[in-house]
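**Q** With our numbering applied, the sequence shown covers 124 to 703.
There's no promise every hint is true.
As a list, the in silico EDC-like pairs of lysine to aspartate or glutamate whose alpha-carbon atoms are at most 16 Å apart [stated by the list, open to error]:
| hint | residue 1 | residue 2 |
| --- | --- | --- |
| 1 | 612 | 479 |
| 2 | 544 | 463 |
| 3 | 217 | 238 |
| 4 | 436 | 550 |
| 5 | 217 | 165 |
| 6 | 612 | 474 |
| 7 | 440 | 550 |
| 8 | 569 | 528 |
| 9 | 436 | 361 |
| 10 | 130 | 657 |
| 11 | 436 | 365 |
| 12 | 604 | 550 |
| 13 | 440 | 507 |
Across the chosen pairs, the derived CB separations fall in these ranges [claimed, not checked]:
| hint | residue 1 | residue 2 | range |
| --- | --- | --- | --- |
| 14 | 440 | 518 | 19 to 25 Å |
| 15 | 566 | 440 | 28 to 34 Å |
| 16 | 612 | 690 | 28 to 34 Å |
It is worth saying that the hints were derived from the structure and are not from the lab.
Source: prediction; values computed, not measured.
Yeah, the Cβ is synthetic: ideal placement off N, Cα and C, and Gly gets one too.
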Amino acid sequence: MTSADFKARPRADGLVETDLPLQMAFMAPRLQGDFYPQGRLDLSLWGCGRMASLMLEPWDGPFIHAPNRLTCGEAGLYVAQSAPVLALVGARVKRAMPARRCAWWGSVISPPKVERRDRLRRVATPWGVTLVDERPDGVIVAVGASEEEASRGLSLSVEAIIAEAEQYVRRCDILPEAPALLRSMAIQSTHAALSSIRRAEDGSFLGLAAGQAYSAPTRTYYRDGYWTLQALLHLDLEAVREQIDLLAGGIQPDGEAPSAVILTGPAQGLEWEKFRTTNKVYKEEHLRPSDWWSDHFDSPLFFILTLGDYLGKGGDKTVLARHFAKVRAIYNRYRALDKEGNGLPQKPRHDRDWADNVYRHGYVAYNIGLWIGALDVIATFGAEIDADLALEAARTAEQARASVDAALLTANGWYADYGLKGEFVEDHLTLDSLTLLRFNAVSREKAVEVLGHVQTLLETRNNQQQPYGDWGVMCAWPPFKRPADTRAKSAFAYRYHNGSDWPYLSGLYAEQRLRFGLDGADYPLLRWWRTSLENGWIGSVEYFSPPFGRGSLLQGWTGMHAAAILAWRERVENMMQEMA
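Could you put together the complete structure from these sequences and hints?
**A** Have a look at this one:
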């Protein structure tokens, strides 16, 4: 298949062109939403929720997609960065409709009627306001948690908004010398990471968004945020520091942490709390007002790893001192889960880590990798604060590394997903087990061997046993062998955690091939993006597989591809020469 056969085509300038009117997801520090060129614009605001929908005259292609920008001949949609406002050029608004609830779980309301003041429409809800100003040179659409915030956006000119949008596109272009497919992927991956940086009404930092569809209730994740900020370590180190301070608030005195910390604004927060405390399922899973899905096994480890990555980039050392009591609590929590005295904590049988549709238990390769990486952070950076704990962490790391093979290495030469030998072991190969490689839990020899197995079995181009041809890198193969260990979407082979391509994990895999100096990184870097273009999915998708389609668009942790490029640019450039 050539690029001409794609529903969306990569261009030499890194943009994406399509003849079809495809969904455009956009996300800026406050404003986010979806534009459908057939004639609909849906608007939401970080911290508030759904705001309004506009019905427009439809646009005709071809369309040129860029991060937070879509052009179509003389027409265009441009999203600003400095305020929650966008400009529509060459568009006519047919109708404006306020949202009837802030999120699917919110109370349904009857909002006030849309007010008209000459060329201005005012669309109000109890949680915010949308202002639509039809000017001679374009339509300005500004949103805000308050009239004041929306009015600030309305003060920008169409020209200023276009300039901000174009500057943002240039900022995302981290590999301008690359061929069309790679350059466009790098732009969209960078956009996924940068657009995750969200702001409050006063402009202060308000978390890294997991993705455009993960904003109600407004929350920031330990896990998703960690993989997202790998690119931000190179692009915006201050955002990483602020993320650490936000996540610290979710760490409990005993070292427990939720999947994410909730950061709602006042109106959305009241609605969420009413739902959380009255819905039986959500009440049992979200134990505290600030918790999104309490007690996730991997979250505390990601907190320590984030600290380590920030300090490794020369970040402010006072951050570690400020949060070291939480680091100590986390360390003690996982040491108490070392039931065999071998340095390896065992996970209880529940579905609360990345594979949240799977009841993983015992030694989980993914979590063991995170644990050993966290130990190294404590050993490396903790000595100035607590020399005894740093030394103990170093010794525990040494013991843990010595125990990994006995606990998880399979006869096939890769590391089992989870289980306990002598009881039950899910011994299929998984991409998330590459945390063992990333955090140096196994030898280089073993790491290279594992990467060879990943290439043979998880790259669909090489695995003739899966029935769908060449479409991406599976997150697991073969499918889970014990159905009782899976639920919901992961109960189906090739779906979700049971074999879909998760581009963030493909990015992790590409990173490890680059890191170990192996060829073949181009496949995990690019195959997910080729599949997206073939299907007309504009932007960074959450996951996908041929029989089940895709997850949500504009997923922050898909920035892992940008992270791999930024960390290993010279090797990527060498790869480009070989590709040419």
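**Q** Decide, hint by hint, whether the structure agrees.
**A** How the hints compare with the structure:
Distance hint between residue 612 and residue 479 is fulfilled; the C-alpha atoms sit about 10 Å from each other, no more than 16 Å. A distance of roughly 13 Å separates the Cα atoms of residue 544 and residue 463; the hinted pair therefore holds under the 16 Å criterion. The hinted pair formed by residue 217 and residue 238 meets the criterion: a straight-line CA distance of about 14 Å does not exceed 16 Å. Annotation: proposed proximity of residue 436 to residue 550 is violated, straight-line Cα distance about 36 Å (limit 16 Å).
Among the hinted pairs, residue 217 with residue 165 is consistent with the structure: their alpha-carbon atoms are about 14 Å apart, no more than 16 Å. Simply put, residue 612 and residue 474 have alpha-carbon atoms about 13 Å apart, close enough for the 16 Å limit, and the pair holds. Proximity of residue 440 to residue 550 is assessed by CA-CA distance (about 41 Å); at most 16 Å being required, the pair is judged violated. Taking the CA atoms of residue 569 and residue 528, the gap is near 10 Å; set against the 16 Å cutoff, the hint holds.
For the given pair, residue 436 sits about 11 Å from residue 361 by alpha-carbon distance, which is consistent with the 16 Å threshold. Annotation: proposed proximity of residue 130 to residue 657 holds, straight-line Cα distance about 5 Å (limit 16 Å). Under the criterion of a C-alpha separation no larger than 16 Å, the hint pairing residue 436 with residue 365 is consistent with the structure, at around 15 Å. Of the pairs offered as hints, the one joining residue 604 and residue 550 holds, with about 9 Å between alpha carbons and a cut-off of 16 Å not exceeded.
Restraint check for residue 440 and residue 507: satisfied, since their Cα atoms lie roughly 10 Å apart, inside the 16 Å limit. Between residue 440 and residue 518 the CB atoms are about 24 Å apart, so this pair conforms to the stated range of 19 to 25 Å. Range check, residue 566 to residue 440: Cβ separation about 31 Å, and the 28 to 34 Å hint holds. As the Cβ distance of residue 612 to residue 690 is approximately 32 Å, the hint placing it in 28 to 34 Å holds.
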